[in-house]
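Mind docking these for me? Both chains are given alone in their own frames, and the hints should help you get the complex.
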Amino acid sequence: MDDQTEKTSSPEQAQAPPSDEFAGLSPDSLREALRRMLLIRAFEETAEQLYFQGLIHGTMHLSIGQEGSAVGSIWALRPEDYILSTHRGHGHSIAKGAKPSLMMAEFLAKETGYCRGRGGSMHIADVETGNLGANGIVGGGIPLAAGVGVSIQMQKLDRVVMVFFGDGAANEGAFHESLNLASIWDLPVVYLCENNQYAMSMSVRRSMNIEDISQRACAYGIPGVSVDGNDFLAVYRAAKEAVDRARRGEGPTLIEAKTYRWKGHSRSDKQRYRTKEEVQEWQARDPIRRLAERMMAQGWLDEAAFQALQADVDREIQEAVRFAQESPEPDPATILEGVYA
Amino acid sequence: MSRELTYAQAIREAIALAMERDERVFLFGEDVGIYGGAFGVTDGLLDRFGPERVRDTPISEAVLAGVATGAAMTGMRPILEIQFMDFITLSMEQLVLQAAKLRFMLGGKVNIPFVLRTPAGAGTGAAAQHSESLENWFVHVPGIKVVMPSTPADAKGLLLGAIEDPNPVIFVEHKLLYRTKGPVPEGYTPIPLSQTEVKREGGDLTVVATSLMVARALEAAETLAQEGIQLEVVDPRTLKPLDEQPIIDSVKKTGRVLIVHEACKTGGYGGELAAIIAGSEAFDYLDAPIRRLAGLDMPVPYNRELERRMVPQVEDIVDAARKLVREGI
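Protein sequence lines, in the order shown, are assigned to chains D and C. Here the numbering used here is used: the first residue of the first sequence is 36, the next is one more, and so on. Here the numbering used here is used: the first residue of the second sequence is 35, the next is one more, and so on.
So that you can see chain C by itself, here it is in the shape it has in the complex (with noise of 0.2 Å):
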């Protein structure tokens, strides 16, 4: 049985059904508790579990994910959120040095599972400092995994699923998807991390889109189903570890391919699916270049349309498959 949810709902019955599971799952970060949680993700839970197990902290980032990995790595299963993603940047000492690594400096000898969640993504006229999309970063650091939920349903099943898996994830929002209704099983259904999903089937182009990008990407598969163009939408899900399989049989079977992602593009994670596919059995069937459409290599404006024009629309992604697809360019 599913309903309709909306995301950030989701994420919420994935925190609670966790906690009422396990009691070593624990919520806790900036004004997750009285205040619900900047975008109101965490609101009641609170009341619901109680100030030891649902903790609002100092802003303190650097302890905070200390406090994740050392519990952790001592038998607790924390969930850490960091308000805006861009915050996280006060983290990466622990994150990178301490959580990614710890495991393998000891031989081994500790798990750490923990999951931090954070809402990334520009689109709030938040400007440069609270509207970032950091994966990445992450993607490039061993021992840890990302994840990056589209739907509500993903949402809920791949934060159960993170919370199970015993390695740090870290677990990216977006900010624009929070308020987005889909439907949503009932129940404690985790969906296992790195298990890359088919959104839409198409035999025109194949579209490999993260996080709100495969929304703007069914949406610009809809516009151009009127055209006669079928877009083939892929959604990696899980960044790290990356299940490649279905995105390069994907593009095995529409000979095209369009990357999209918000995060800029220099650096960023369409260049290594790219290459995957290049690299790949898939490399033979391409008809046209691999193209990538990213954020712009630039801070996010205030502006509203500024901000608009740095991170790809839907008539972007219209725009850059219909030329795939018709001009093979």
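So here's chain D without its partners, still in its complex pose (with noise of 0.2 Å):
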């Protein structure tokens, strides 16, 4: 998380000074920022073994090579600060601090989940990390932005929202109401919009005439950026510019982070929209391999390092399962819990 220490950069600066190549960021926080994007890889891929194996039921969208723009982006945050996440959500949730046992608990509908086996794969919440839930509605999340935004402002709250969502819900007519108010009431919300190249099989060639998502903020008189959301710390400085503009009382901003889902958009997806050769070049450009190489480039992390950050988050990961799997089901007696307070 945000240490507070640096000093601020701004998107403009594509090209850092190679004093500010890291965005200030300590080689501790890096290491923990790679374990995080290692962690979030680790249990998306033990999540569809255990879908394949019958043990989690239902659906799930895996969100396996965009860790770089969830991690990048929350790095940004402060633990106080909240976020709202999307379908695609498993990557948010584990950088703000999400429990591996608690999420993997949630997928086997357990009682011990996040939402006591009532939400699964697409409605994770870590309320105490301020992880407001992921949201099965494209765009959904969009509009409770802008309230958690006059909640902070009204009790003048030291704190931001970050809202992430996709190519496909900047198409939706709620973005532009959201991102509207935001702008006239100055709202601490940063608009993180994870470009992952298809709204399920549309692309964003078909569905948009623009080249940036980011283009669009110019509607509403706020700053956009694009960024590479494969790039770690492209993704965190512009994050950082933007939380530190909506902290300061200045508005909102809208980031797009241009990613790429490795999977199918959920278990159904037999991928006819898209060829071979283009997953395997963005593969080539895995945001966890080009951190580790940055950080290895500068003498912050060597082969051996890396390979036991990756043996300690299968660890955890194994122990998560381990907890899911000897968690209690919930009671149907207590069914109707939860449907009012």
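Quick caveat, the hints were computed from the structure, so don't treat them as lab data. Every residue gets a Cβ at the ideal spot worked out from N, C-alpha and C, and that includes glycine.
Covered stretches of chain C, as calculated for chain D (at least 3 residues, CB under 8 Å):
(1) 108-121
(2) 125-131
(3) 137-143
Shown next, in the form of structure tokens:
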């Protein structure tokens, strides 16, 4: 998380000076960010296996390949800041500090899960870490973010809210209403669009006639910036600038992180809309490997340390699976709990 | 102590009392500030509480419902005015898929205490897109409460009760009631939700009515009393969750029931009430079929006479009640 001591950077500094190559983040902070990205990937790979084994039912939307935008953006937040996430939200939850054990218990529909087994993969929330929940409706969190922003503003809290959504959600009408309202009221909202190139099968090339989704910011009189979403540091820099601006009371920012999901949209996807070559091209830009290599070049990480991090997260995920499997199912007598307060 | 207020004044007083008492309460919506609300309900509140707590908004019903939900789940107590109930259609995703479900989906870990106030009903010549009564849509959505006050006193008390409630509440006001007067208690006097009230006692027929139809049923009761027919008028006040027992008790007493609401009959609240009564211990006491009087299944027409005929009038209630009591049909 944001260690408060660094100087602020701005997205215009795409060519950051060498001294600022790591955006002021310490080696420890970067190692933890890398570990968080590995944790997301290990969590999702394991969840997919459990799904194939029939231990998880329903559906799930994997964000493998998008770890750079999830962790890079959330690294600019403080623990007390809020996030609102999407149906592809496992990475956001883990980046914000959710425990893999309680997430896995939710995936296995157990009483010990974050949502007591009532929400599943698509609704993971962890209110204690400021994660107000993933959302099954494309763009569903975007109006909520304005409300959280009003709440922060009226309670005079030193917080911001970061709302994640995809390229598909940027075509929802509620996107327009929310950005406009946040702009006129100077709400402390960071709109983080993870453009992973496809809204299910609909490519951004076919669904909009603009090059960068961030161009839409100008319609609301707010800053908009597009960054390489697979570059942890580029995402972090843009997010930090936007978060600082929001915290100063200067209003919202729209960030587009251009990224790619390696897996299909959900379990039903035959991926007829893209080629294997395209997937491989993006896999060559693996955000985890890229950050690791930059740290190695700086002498802040070596292959052995990287393997140790990997082994550490694998252990954590195996422990999470064990916890989930040993947890009790919800008691049917409690079926109606939670509908009304 | 109570004094005469209009229904609109009673609502305004409730908002002001809640805002004085609890700084988490704020009011927002289209034209609620300088304009004072499309029906004048929020007149003067901007001057009293300032633009941060009385917020004029752009015409953006989707995000406004999101603002209510997002602010409520992070510690505020918003009151949102949706200018006409018809426009709630533009808020449906946030209300039905977010506000109503988030608490449950999140394992009960958040509360979403907000009130959405909205004027419903025909009778103003505003035609099909400014006259709807859509309360039953929300009755069908678990997680949301639905309140429909019929008098100034209920409007004040129930609005205070709704603001105190930890759930999303759709508070359905009626345009034709805004100028009606009645005694309203002074001070902070919330009425808890889900308390059905018998508005008039009588032994011959139970009339279960909502909102404006309560006033019309009471007028019909006056007329029929002159013929020796005594109506018992029962007002659920909160449609969901419903306090069923007073309705069942009344039907057991009278043996006959007429249900009256303004919304279209098919799929309306009357069907639910009829099923509750038929499935209760009151069934054995019924001397006549359960009857429903409701809006015709059609958009609200512009022409004055057509509009009148679309919605139950006092004479319709008189006729239907007389027939049930005299002929048992």
